[in-house]
Structures are given as C-alpha cells and as structure tokens.
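Asks: These protein sequence lines map, in sequence, to chains A and B. Per my numbering, the very first residue in the first sequence carries number 1; after that it's consecutive. Per my numbering, the very first residue in the second sequence carries number 1; after that it's consecutive.
Derived from the structure by calculation, the hints contain no laboratory data. Please note that a few of the clues may not be correct.
It does not matter which identical chain is meant; a pair holds if it fits inside one copy or across any two.
[Stated by the list, open to error] With a straight-line cut-off of 25 Å between C-alpha atoms, the simulated BS3-like cross-links for lysine-lysine are:
1. K225 - K664
2. K271 - K250
3. K519 - K424
4. K376 - K664
5. K376 - K407
6. K186 - K119
7. K345 - K667
8. K376 - K667
9. K203 - K131
10. K487 - K519
11. K271 - K225
12. K47 - K186
13. K250 - K225
14. K216 - K271
15. K131 - K116
16. K91 - K153
17. K519 - K376
Read off the chains here:
There are 2 protein chains.
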Amino acid sequence: MVAASSDLVPHPLDPLSQAEIQSAIDLVKKAHGELFFNVVSLHEPRKAEMTKWLEDPSAPRPTRIADVVVIAPGGKVYDALVDLASNTITKWELLDGLQPIITMEELTAVEHVCRKDPKVIEQCEISGIAKEDMHKVYCDPWTIGFDERHGNKVRLQQALMYYRPNVDDCQYQYPLDFCPIYDGEKKEIIYIDIPKVRRPLSKAEPVNYHPAAVEKVGGYRNNLKPINITQPEGVSFSVTGREVEWQNWKFHIGFNYREGIVLNNITYNDKGNVRPIFYRLSLAEMVVPYGNPEHPHQRKHAFDLGEYGAGYMTNSLALGCDCKGSIHYLDAEFPTRAGGVRTIKNAICIHEEDAGILFKHTDFRDESVIVTRARKLIVQQIFTAANYEYAIQWIFHQDGTIQPEIKLTGILNTYSMDPDEDTKGWGTQVYPGVNAHNHQHLFCLRIDANVDGPNNTVFMADAVPSEAPVGSPENYYGNAFFAKRTKFSTVGESATDYDGATSRTWDICNTNKLHPYSKKPTSYKLVSREVAKLLPKEGSLVWKRAGFARHTVHVTKYRDDELWPAGRHVPQTSGEPSLGLPEWMGDGTESIDNTDVVLWHTFGVTHIPAPEDFPVMPVEPITLLLRPRNFFSNNPVMDVPPSFCSTPSQVAANGAGVTDATDKLSKLAFTNGNGCCTNGTNGTHATNGTS
Amino acid sequence: MVAASSDLVPHPLDPLSQAEIQSAIDLVKKAHGELFFNVVSLHEPRKAEMTKWLEDPSAPRPTRIADVVVIAPGGKVYDALVDLASNTITKWELLDGLQPIITMEELTAVEHVCRKDPKVIEQCEISGIAKEDMHKVYCDPWTIGFDERHGNKVRLQQALMYYRPNVDDCQYQYPLDFCPIYDGEKKEIIYIDIPKVRRPLSKAEPVNYHPAAVEKVGGYRNNLKPINITQPEGVSFSVTGREVEWQNWKFHIGFNYREGIVLNNITYNDKGNVRPIFYRLSLAEMVVPYGNPEHPHQRKHAFDLGEYGAGYMTNSLALGCDCKGSIHYLDAEFPTRAGGVRTIKNAICIHEEDAGILFKHTDFRDESVIVTRARKLIVQQIFTAANYEYAIQWIFHQDGTIQPEIKLTGILNTYSMDPDEDTKGWGTQVYPGVNAHNHQHLFCLRIDANVDGPNNTVFMADAVPSEAPVGSPENYYGNAFFAKRTKFSTVGESATDYDGATSRTWDICNTNKLHPYSKKPTSYKLVSREVAKLLPKEGSLVWKRAGFARHTVHVTKYRDDELWPAGRHVPQTSGEPSLGLPEWMGDGTESIDNTDVVLWHTFGVTHIPAPEDFPVMPVEPITLLLRPRNFFSNNPVMDVPPSFCSTPSQVAANGAGVTDATDKLSKLAFTNGNGCCTNGTNGTHATNGTS
Ligand SMILES: [Co+2]
Ligand SMILES: [Co+2]
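Chain A with its partners taken away, still in its complex shape (with noise of 0.2 Å):
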C-alpha cells in the first residue's frame, strides 16, 4: 500500500494549510490591524452541503472558510469568517462578556511574570523561599474556571505555585499554598488568594523519576528483553490526503485546535455496499471537577478541550517510543497568537497492532478447529494538560467495533499539606507535604450518527428480568430475561444516566431498515461502563458550566455548528445561563424521532489519588465500544485468513487439505536441553491434543 500524494486539492474537511492559515491571518490583519490571533481554523463545510459533494463529487465543491477568534487591543474579543476562495471576511463580530480559549503562548507568560511581582515573591518568602530564588518558583498556569469576584470581562488565568529545590526535580512535589491572579491584557498580577492558615514549604526530599534520581536509588531494571514488532512487507492501510482504508473501513482524519482528531465520514464497505456509520465523531469536550470545598480550589475545573484545546496542547510523537511498529504520522498546523503559523510535527500517530484472538472454535468432537487472529488500527495523538496527559486512541476493529480508548498518565494536580494535618478525605497525602485532591476525568463524546443513513432513532436497552413472578406460567422458574428496549422521542427523555444494575447501553438505530433476520433496526450500540456520575452536586459552580456532564447521554437534533457542549467560548463561563448542550436541549420538546441526531455521551473516571500515582502516574486506560449489532448481515470477519483450519472431513482424512498458516516467526521461550522442555514441544491443532 502507498500512501498518495498529499498536494492535491485539499478535502473539504482537511484542516487549513500552512499557507490557508497565513492567507487568512494575513488579510485580518490587513483589515483590522495587528491583533492576537487565538484561533485561525477550517469552519467546516455546512453538512447539507457536504453531504451533497459527497454524494455527488460533481455538486459544487464546499469552500474553504476560515474561523477566526482574535483579541483587539484593549481586550475586545471578535469571531470572524474568513471566505478563502474570495479572500473575504464574511463576519465580524464583537463578542460580550466572553474569553476566548487560551492559547499556549498566553500560559507560558504567566510565570514569568510571577517572577517578578513583588507581592508573589513576598509570599514566597513567607512560604520559606528566599528572593533569589524566584528563578525556582514554578506555575501552573490555569484558566480561572469563574470567579464571581472577577467576572468574565477581563481575561484572567490562576497560578497554581510551585517549587523546585533543583531545576530537574518534579515541582509538583513542592506545592505552594497561595493562589495568585493573572490579568492577561495587563499581564500583570492583580490578586492573591491566601489561605488563612498558611503552609510552608515542604522540606522533604525530592522524589524524582529522571535517570539521576533512579541511579542514585538502585538504577534501572536489567531484565527486559527486547519485543521487535515489524512489518517487512508494509502496512495494510493506504492514507491518500488524510483518508484512511483498512480491512473495509475509510475514514477521514480531521485536527483541530480544540478536539485534535477528528474522524469524518465513516463508512465500512460491507460486501461491495459501502454502508455510512457516522458522519463526525470526536471527543468534544472534557471537564476534571475537583472535589476539594475549601477556597479557592473549587475553581479547579479544568474543561481542556474548550479552555486549552486539545489539538493546541498536542504533542509532537516520536517513532518507537511513543509508537512502536510501522507509523504513519500527520501534522497540525496551527497560528500563532502574533499572526506566524506554526507546526506540529507527528501530532497524529497511526499504525496497526496484532489484536490476538478475533475467533475460535473447536469441535470437542473431532478437535477440528479454526483460529484467526484479529488486527486493530489505532489512530492516537497524546496532549499534555500541565501536569496530566491524556493518549486519546481511536481504535479500529475489523469487525465493525469502534473502540475510543483514553490512557490517563502525567502528573497529579497537587496542593501544599502540613505533615500531619487532616485531609478530611477531600484529598490524599501522596508524600510528605503533597495533597492530590479528588477529581474526576469526564469526556464527552460527540457522535453524529449516520448509521445507514442520516435519520437515526436512540434506543435505551436495558437487560431486566421478566415481571411475572417466579411459580407462573409464564415464568415458571423464575429465568426469564430479555432486553426491555426505550425509544427517545424527544430531546428531553434522552437524558439518561447509566444504570449498572441492567447494563443499561444505547442503540442508535436506522428505523427504516430493518435486518432481514432479526427484523431488528441496523444499528450501532454504545457500550461504555466507565461512566463515573458527575460528582459536584445539582446547581453547583462545575454543575451549570458543565451542562453536558449531567448525563451519561444526551440526544439532539443535528444543527450546522452545534460542535462544542460547554458552549464555543468556554474561559470564564458563569454557567448562568449554562452554554452549549443545555441550550440546544431548549425545553426538550424537539423530536428526535427518525432524524438527524447528534449523541453525546459524558464517560470518564472518578480519580481518588493514591501514593502510587505519584510522582507520575502509570497509565489508567478508560475505554468504550461503539458495536455494530443487527448491522451486518452475519459474523464480517469470516474473511480473514485463519492461522489455522481444519474442518471435520479434514480431520477424518488424517489432515489432509487443513488451512495452516500459523506465524513461523513464533518460538518457544526456552530452547530444549536445560530439562524444561519435555513440557515445551509445541502442540498441534492437526491432530487431538490429548494423548
């Protein structure tokens, strides 16, 4: 498989050029004068209009438009169209009491300018760290989440404070206790939250993972043998642009600032009929509640995406480390806030991995058998967040199964203890003089549902039992279950939350085909136990910001930029009134009944740290499946080579005519003559296992 050339026309849904960026930025500018640009990106194609080209690459061609979010001197924040083909700004809008997201650059500032503001150091100083040593001090730049004392017509950030006794050492062993307040049009300090009863600094030593640090306790593990993972004849999938095919899968990757991946356009070529699954999907926002009540850390909320962004956050991946195999990289480009682009190199990662088993089935009668082994794609970028980082993995299964999986690692968020005092379970003392609060991982996965077709259907499917009573005659001994199914009519009854008790899943369903056996709707089922409930409470600050975490699920009809679900702009929401998803859900009266329908799907993890994850945490993965079921007419994969077959007449016949093509490359772990290997001699499927 090759790769195609990448300088053709771009698809409608790729995401600006290098130079589409600068073209826009350059004519903003042009217009406007010198500005902060903290967004130039793809406005995608309106979906009426995609769908025609798509249906018909002879309808007219979606143009290429440009988002454009800039911040004028003085602060004015203004959201702006960019028509590319005509090089015109088609709008121009001043934004009220909004903040745009942060850009990268704009965190950066932060520290510094910490640095060298006098109350900070005088606060460091009461901490117990001396004025010549500010170059040690260290922040967090976050978003301020809201604080009702500030508002939202400045643009503020929080720094959370740290330490680091050597420039190598992990800061976020040394929390410091005092919270100051950033302006960033003044950038400069306006305000300093103090706790009242003050903690010093911890002088416990430094725990350190980098190589020093391990040498000097033991040094590193000898006794990892290499794992070589190869693909002398290439790769199974072909990238042309940035559309992806493999094993009857194609797709187009999108990226931008705020998502990172964006998969558009999944369709499974289902026997020569290449059948649509979903338009759009990706992870569109987050939300890490903290559950710690004390001033000022209920403003620890972080939303990643909408605040930071997950593409500008992105990292740049490297060959055999943080992929192994045959890799297939994409870059992001993205502005900078002074009007350059910059790039990202390798912020999409794509390769195939042995997926073991995908069937087995043996015949205890005669051992005839067949195995076949199973491939997964993965499509993976990872972004780091300050202290945390998340691998976000789009997994691609040969049977139809999407798999989105999240691996959190990264840093706990930390905060300033004396040694013995109380966490009142709000936290846990991780190390001497570290508390890790409790917080919660949420996501929230949009999914533009296409599955054959745009009118799709949401089913709730609970598994219950039956309720005639054991000893009847419709249940006489008490066995009877089945699968009690919910149709969402409106927007309002989609709001369901996960129910452990019945493995409640979700169906999203084309009513109007039916599967000629089942005579159940093609559908795709959402299967996601990791499903923590939003901890913060009814009416609470993270509550009304975060309209979409209310529930596991939520179902809208399908609008033209109804991207985002804590709202576009998310710095500094008030929550009052709650932006995004709960505006869309209006009174909950729209039908969604056989129509375009967007699901959104709030799943994530509720994350009571342990000493274990500190100084940096092994990898938690949290996943999901999205599962073809009525969708295709039988098992998809009956056509993957087995490794090995052989079938009851091939048996009979002593295994004449058997299907081996088991991998030769595979050894036995210990060769023979050290006197393990009378146990090590390899077994056959060819003949019965037993002797």
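Here the structure of chain A is known, so what remains is to put chain B with the ligands in place on it, guided by the hints.
Replies: Just chain B with the ligands now, with coordinates in the frame of chain A:
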C-alpha cells in the same frame, strides 16, 4: 533467563504428575476393583501447613495427597483421598444424592447413543430427517442442570439436538426442536422433551466459516501484511518448575480439572522486600443462565467449571496461532475414566507483550519529557464448552496490577424457530430458522487475599458528593466529593452489589499496616465494571443453584476446602439447600474483620445475541483490575528504563546527556518519494516539537 529443570521434587502445589495420578488410580483399583475415575487431582495442602513450609523450608514439606472421585458399578459415587507418600487410602466416603463432574468421555458418549435410539430416530423423522441420515444428527451433551421430574439419584445429561446437511457444516444453524434425556449409567435415552408446537428442520442455505465456504462467496481478503513479533535475546521471565518470576512478580501456576489455572503465592518484590499479595487466585465457578422461560429451556444454565471443568475442557494451544511471539507452555495431566492418564499438551501458555506507554510526562515549559514503555505478562488457557470458547488470561502488569481478562468466542447456543415465529424477546433470529436465546456469562473470581499477610479486611468504596448543600459554608460551590468507605465487619455485611452511580470498588486492606504518607491501610482494590446482575429472579432455579451470583461481592473467612462456590459436586443439585457459598456464609454473623478472608467476586455480561455473533462470534472481552492502592510507597515502575528522557537541564544544554533508547526497528509506514512523507519525518523529543 532459563527455565530450570522440572524433574525436581514437585512443589506442594504442583498438579499431580502422570506417575502420581497412575499410582493413586492403581491403589484405588486394587482396593475397590474396577471403577470409573471422574477425578484424580491434587488435594491441596492445608493452608496452615503450607504457610509454615513457605515461611521456613526446613518445616515439614506438605505431603502429596490425591483427591479422588469415582463412580462404582451401580452408580455409587465415592469421595476418596489417597496419601501418595504412604500409598494409603485415607478417606473413602459414599455420597448420597450428589453427582460428580461430567467427564469429556461421558459427554461424547451421548451422541452415539442418540443416533441409534429408536425414539430419537422417530423424532428426527418428524423433524424431516430420514432414518438413513442419522449420522448427520449431532448432539451437544449438556448437564441436565436440575429437572425436578428426574432428581439427582440417576446420572443424567440432556442432548441438545442439531443436524448437519454436510459433515463440514455448522450444526448450530440446524437446531432440532426436541430434547432427549440420557441416563449415563444405563447409557440410554430415558425420556424426550417434545414441544407442543413442532418446528421442522430449517431448509435455509448453510452459512459456514471454513475455507471452502469462504472461497465460494469471494474468498479471503488478501490485504493483511504480516506483523512480526520476535524476542531475539529471549524472554524477560524465568520459570523454575511451575514458578514464574517476572518484573518483581513471583507466583506458582497450578492447574486442576475444575478451575483450570490457579495462581498461588503471588508476591511482589518491593525493593528487596518480598511482599505477599494473594495466597491463591482462580476462576472458581461460572454460570450461563439462558433467559427463555419456555420448558425445557430453563435447564440451560451451565456451570461450566463445576459441571464440566475448565481443566478437562482446556485446549491444546499452538505456537504462532493461539499465541504469537516467544511462548512457554505447560502441559496438563488428567485421569481417563477407565483409569489411565491423558496429557493435554500446551494447556497453558505464558508470554510477554509490549503494552504501550507505561507513563509519560512532558513539561510544557521546555518540552523536557519522559516516555517509558510498558510490558505485560500473560498466562493463558482456552477452553471449549461445547459451543462456546473462553480464553482466560491472567495479565500481570509491571505496576503491580493484576488483570484477569476473559475473551468470549465460539458459537451461540441455538434453538429452532419457524421463519415467522415471534421470539417474544427471549431470543434473536440470527439466521433464518435459528433462535439464539438471551443468556448471561457470569464468572466467580475467588480471591484468597494475603495483602501484606493473611489478616485482611474488606471495605466498600463509593465516590459520593458531600452531604452539605450547595451554598453551605462546608460546600459553598457544591464541588465537594470523597470516597465513602464502608467496612465489612461480618460475612452478612459483605454481600453487596455493584453501584454504577458511585463507581463502587472494593478494597482488600491490611489494617495493621498503614501507608507512611497516606495513612491509609495498604490495599488491593477490585475495580470491576462488567458486572451484570443475575437476571433469573430471587427464588428461581438458577438463583437457588448459583448462590455466588446473587451479589457482586461476598466475603468469607478462609477455611480449607471452601474452594468452589456452587459446591464441590455441582451436577443435578437442586439448590435446596444452596450448596457452597451460601452454606459457608451461614447466618452471616461471622466476623471477617482483620482475619484470613476470601473475596468472591461475580462479574460478567448479559448477552442479547445479534446476527453479527453468528455463525461464529468475534471475540468479546471482559476484564477487571486488581490494583495496588496505598500499597507501594510511590510509583513502583520508575526504574523501568525509559525509551526517552530529557530533563530541563539537559534541554537547556541543547540535549546533551539525554537518554535515548527509542526502538530503532520502528519505521515510517510509507517511505519517501511518493509525495506523502513530507509529513512523515520523525518527530523528536529532544527539541521543541513545534517549529
Ligand atoms: Co486523575
Ligand atoms: Co454469549
């Protein structure tokens, strides 16, 4: 690493060797004449004795004792013990109203009897099968479960009937509608359950997954390039007898007819301190209830371990097929019914896999970064329970996590239906004429805990909001939440269910040992989200027989021989009284506070079939975690060599001194020259990834 000799004196927990099995059989035969041997298996050493020997190898070595179950002529069943050192029968006990496990030989006998039975032939003719086609009639022999008409004095099986038009066809596509009952003593059919409404044999075209069938409909896909996985320098684990050491883990692998893999004496070497974690881990039982209330389908609720044995049904695994890479295998030895010994080659496989990223963190200030890759060790068996296959993986992670994972594949149990018949929601038509009934796969994980010693206490942990209302001084912004911990003081208190709303977990704690930083007891946390509730109702036949499945968790005080929670002899139990766990729980008042405890965890899925599952099911995985929490002083894997590490001081020095151990065999998927890989050059961690 080399595997040492296995011809040492056996470890006290090693399964009986071929010679030991034979010697027990010979002794019993000599004393009691010709018998059928259903079980000849290791009678595990008493824990007190075993623990003494583990702690002090100069203590008396636990002797080898065989646990023997036989059926004598006339159907009399005896439980026996044979002391292999003294060659004496130390127990010989006649059982009343109990049936021992059904062997493979007993199972395979049924089909042959069915084919010759005149009444079965008559029923086949009614179904539309000619007398001369009886060799095309097949049956899956199942335990009868419990049928009140037949009780438990007579040893019975039920024969689920199928037909194959051709010997290589999948018989599950051609189910027959009647069900013969087989007497294992008489070796004859004693009754046939015949439905009131008859369903003739399906005339649908066969759907098959063997090569000839695939070739007929277009052939195999030819677009999968090989993925090679090799370990040229060998594996990173060592095996001494049946003891495995890998990445600070050490454990013994037992294996028996019933549970299959048993993991013993699991310890973790924590910086030189060998800490016990689990005394014994196994899948101890399972039940697969079917949800169709129509007679005789209530009998379909297989206890695959107790009634057939995960050991007895285990597959002989093949290199490069079931397992890929560098594999070590262990065989299994079992008695034959007549009193010989059979060997299952490669009953267990052990291998390492790359496991993606272990941890990663980038400092956004300077892009100093660490990326460390993870490994996992997998101990696996696969067993075939008639139509279904279960791949049982015990996955060890470097960070102290143990992850039992079960992969379901194989074929749905099916029943016949008329093409236009209403399944009433109790099943799905997965192919014309094929009704796959709703069912559950519920597994019971037995955790014999030993967290820093035998005296442990179990707590339930629920993530809940503070009770203080929004606006109150204690919870002004409403964001407060914490982990509510409930101690189980008595057996009765421990019977608890999963609660998805609180992301409920269970902690196995050593309350005698507090973590130096968190001040919480050292613990292992059970994190399990696939926890379908038992759907057969309270008081139902399944509920009575599968007492372990009534709740997600039960905890009992450890007692020798309390191993299998549906009882020692499961076939044909009535559930009155409920055997096993309900007996051991007694009146629930026994204290389980700070003592030797066993946690019984029931987990699994409800399976509402869909056509995608037919004629063979793509793997569906079920997984859970046992995670160290407050157990290690901090992240225990910081000494795993990183793939790449740069510190702030190294970044400041332009990369001098960075650790670069990236995998040099990884490659770009597409080479330069085809126009694609302007995007495909390798990112690098050493410099800022943005440009
Ligand atoms: Co966390
Ligand atoms: Co199933």
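Asks: Look at each hint and say if it fits the structure.
Replies: Cross-check of the supplied hints:
no. : hint        : result
1   : K225 - K664 : both (20 Å within a copy, 14 Å between copies)
2   : K271 - K250 : within (14 Å within a copy, 49 Å between copies)
3   : K519 - K424 : between (56 Å within a copy, 12 Å between copies)
4   : K376 - K664 : both (21 Å within a copy, 22 Å between copies)
5   : K376 - K407 : both (17 Å within a copy, 16 Å between copies)
6   : K186 - K119 : within (16 Å within a copy, 94 Å between copies)
7   : K345 - K667 : between (38 Å within a copy, 16 Å between copies)
8   : K376 - K667 : both (23 Å within a copy, 18 Å between copies)
9   : K203 - K131 : within (18 Å within a copy, 89 Å between copies)
10  : K487 - K519 : within (16 Å within a copy, 49 Å between copies)
11  : K271 - K225 : between (43 Å within a copy, 21 Å between copies)
12  : K47 - K186  : neither (41 Å within a copy, 71 Å between copies)
13  : K250 - K225 : between (37 Å within a copy, 18 Å between copies)
14  : K216 - K271 : between (60 Å within a copy, 13 Å between copies)
15  : K131 - K116 : within (10 Å within a copy, 97 Å between copies)
16  : K91 - K153  : within (22 Å within a copy, 85 Å between copies)
17  : K519 - K376 : neither (30 Å within a copy, 43 Å between copies)
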